[in-house]
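The residues making up each chain are set out below.
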Amino acid sequence: MSGLIQSSIARKVVMALSGLFLVFFLGQHFTINITSVIAPDTFNTWSHFMGYNPLVQYVLQPILIAGVIVHFVMGFVLEVQNNKARTVKYAKFQGSANAPWISRNMILTGAVVLAFLGLHMYDFWVHEMAYKYIEAKPEDPTRYYAETVEKFAPIWRVVLYVISFALLSLHLLHGFASSFQTMGVNNKYSGGIKLFTKIFAIAIPLGFVFIAVYHHLNPITH
Amino acid sequence: MKIYLKIWRQKNPSTKGAMVAYTLDGIEADMSFLEMLDVLNEELISKNEEPVEFDHDCREGICGTCSLMINGRPHGPDTMITACQLHMRSFNDGDTIAIEPWRAKAFPVIKDLIVDRSSFDRIQQAGGYISVNTSGRPVDANAIPIEKEAADASFNAATCIGCGACVAACKNASAMLFTSAKVSQFALLPQGRVEATERVMNMVRQMDLEGFGNCTNTGACEVECPKGISLENIARMNREYLSASVKG
Chain A
414 MSGLIQSSIA
424 RKVVMALSGL
434 FLVFFLGQHF
444 TINITSVIAP
454 DTFNTWSHFM
464 GYNPLVQYVL
474 QPILIAGVIV
484 HFVMGFVLEV
494 QNNKARTVKY
504 AKFQGSANAP
514 WISRNMILTG
524 AVVLAFLGLH
534 MYDFWVHEMA
544 YKYIEAKPED
554 PTRYYAETVE
564 KFAPIWRVVL
574 YVISFALLSL
584 HLLHGFASSF
594 QTMGVNNKYS
604 GGIKLFTKIF
614 AIAIPLGFVF
624 IAVYHHLNPI
634 TH
Chain B
491 MKIYLKIWRQ
501 KNPSTKGAMV
511 AYTLDGIEAD
521 MSFLEMLDVL
531 NEELISKNEE
541 PVEFDHDCRE
551 GICGTCSLMI
561 NGRPHGPDTM
571 ITACQLHMRS
581 FNDGDTIAIE
591 PWRAKAFPVI
601 KDLIVDRSSF
611 DRIQQAGGYI
621 SVNTSGRPVD
631 ANAIPIEKEA
641 ADASFNAATC
651 IGCGACVAAC
661 KNASAMLFTS
671 AKVSQFALLP
681 QGRVEATERV
691 MNMVRQMDLE
701 GFGNCTNTGA
711 CEVECPKGIS
721 LENIARMNRE
731 YLSASVKG
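Residue numbers (my numbering), protein chains in the order written: chain A, 414 to 635; chain B, 491 to 738.
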């Protein structure tokens, strides 16, 4: 098993599995967030559940944070190793002749998504931790919708979110289907996987953009 | 045709190389790319200058010896051919052509455009063989029934000529396509299953030891491979490797 941990294939599998886990989380996150547009009360109920359920808070949340860290750290390690594999660069290299831009720039799109996660954590997670554990305020299952809408009042935050989701889309367009190739799936189902990748990678980030823009355009006025 | 060349010149592995400009006149469109380099070398020799060293052997696209990065693409602008099969008709009068060696830490430059690809040999030696008796005695190998689909896939993998274009094209200098072709050609046949577990573990270990990069599934290798080796082989090798790892 030690060989497995040290091997290039094993490192790629770690990237693929952590990536697929984050894709699953993204779908779940979107499902909850879209209710803030279509059913604010449901959004409040689900957000309160996610914020106070012990299983979510003390088991699933640490697993999610670990997943993000593993995906980022392994991505960085692979990038450093890949750079070392070609110390003298080509004077002329036509990368675009044989591979799409998105597949050649995963570290760039990934770095932007990581930076966005920093902003996103500051916006919501740090606020939530402060509310619950530092300020020790009482539970209020009705506060989430108003807090979320308020976050999207400044246009700069909406713009940053839109840019980040555009790059997330590019990251997913290559990463999702690529994970299956790494796991050894390249067969009659690959066409379906690639089609689902395109739909998911465009629809989900676009949905998040819609949510951000919708709340910016529909502030709570009372 | 008048052609402007920019060619990587490097005296030996320890010296620093550089792109050097040459101009060639009177190049025929029907000349092969390597013939064009022959013309250049004849000119250089007649001027008492050092000719450009480059690898070549069969000049028929079957030996995998030629290894030129031409205008930023392995084996040049055309697909499914080696540099020796490329002809000057693929270029226009007045074109500038950049020619470089394969670039990878595991393929160190020996001189000019020649690189040391013995890392591929060591990967092959780590497990790219079968130890069963293939002499035809006591059991005729042809008597073992093999699915047509598996035989075809195995033979397709076996068409890899080990030229290294996959490594040259990959932005990470990964050798996954080469290694996976050599794993696949045996993994698909019953004779190769006997040592399948050891083979994939040993060949991947050697590939990593040689300092090749990690595959990021860009697919550049598949596009540039002169023999059309498919990414399916990499997926197969990954399955073989994961299965072998679990078996221990």
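These are calculated hints, taken from the structure and not from any lab test.
It is possible that some hints are incorrect.
List time: in silico DSS-like cross-link candidates among lysine-lysine, alpha-carbon distance up to 25 Å [claimed, not checked]: (1) 537/B / 505/A; (2) 492/B / 505/A; (3) 601/B / 497/A; (4) 537/B / 638/B; (5) 492/B / 497/A; (6) 601/B / 638/B; (7) 564/A / 545/A.
Here are some, though not all, of the chain B residues that point toward chain A, as calculated from beta-carbon distances under 8 Å [to be verified]: (8) 509; (9) 511; (10) 513; (11) 516; (12) 537; (13) 601; (14) 661; (15) 702; (16) 706; (17) 718.
Think of the CB as a built atom: it goes at the ideal place given N, C-alpha and C, for glycine as much as any other residue.
Here is how each hint holds up against the structure:
Restraint check: the Cα-Cα separation between residue 537/B and residue 505/A comes to about 28 Å, which exceeds 25 Å; the hinted pair is violated. Between residue 492/B and residue 505/A the CA atoms are separated by roughly 21 Å; this keeps the pair inside 25 Å, and the hint holds. Using a Cα cut-off of 25 Å, the hinted pair residue 601/B and residue 497/A holds, with the two alpha carbons roughly 21 Å apart. For the suggested pair residue 537/B and residue 638/B, the alpha carbons sit about 57 Å apart, so the restraint of at most 25 Å is broken.
Taking the CA atoms of residue 492/B and residue 497/A, the gap is near 38 Å; set against the 25 Å cutoff, the hint is violated. Simply put, residue 601/B and residue 638/B have alpha-carbon atoms about 44 Å apart, too far for the 25 Å limit, and the pair is violated. A threshold of 25 Å between alpha carbons decides the hint, and for residue 564/A with residue 545/A the separation of about 18 Å falls inside it, so the pair holds. At a threshold of 8 Å, the smallest CB-CB gap from residue 509/B to chain A is about 5 Å, leaving the interface hint in force.
The restraint placing residue 511/B at the interface with chain A is violated, with a minimum CB-CB distance near 12 Å, outside the 8 Å limit. Checking residue 513/B against chain A: minimum C-beta separation of about 18 Å lies over 8 Å; hint violated. Checking residue 516/B against chain A: minimum C-beta separation of about 25 Å lies over 8 Å; hint violated. Taken as an interface hint, residue 537/B does not check out: its beta carbon lies about 24 Å from the nearest beta carbon of chain A, beyond 8 Å.
Checking residue 601/B against chain A by beta carbon gives a least distance of about 14 Å; that is not within 8 Å, so the hint is violated. The restraint placing residue 661/B at the interface with chain A holds, with a minimum CB-CB distance near 6 Å, inside the 8 Å limit. This hint holds: residue 702/B has a C-beta 6 Å from the nearest C-beta of chain A, less than the 8 Å allowed. Given the 8 Å rule on beta carbons, the hint for residue 706/B holds: about 7 Å separates it from the nearest Cβ of chain A.
Checking residue 718/B against chain A by beta carbon gives a least distance of about 13 Å; that is not within 8 Å, so the hint is violated.
Going down the numbered hints, you'll see the structure goes against 1, 4, 5, 6, 9, 10, 11, 12, 13, 17, while the others check out.
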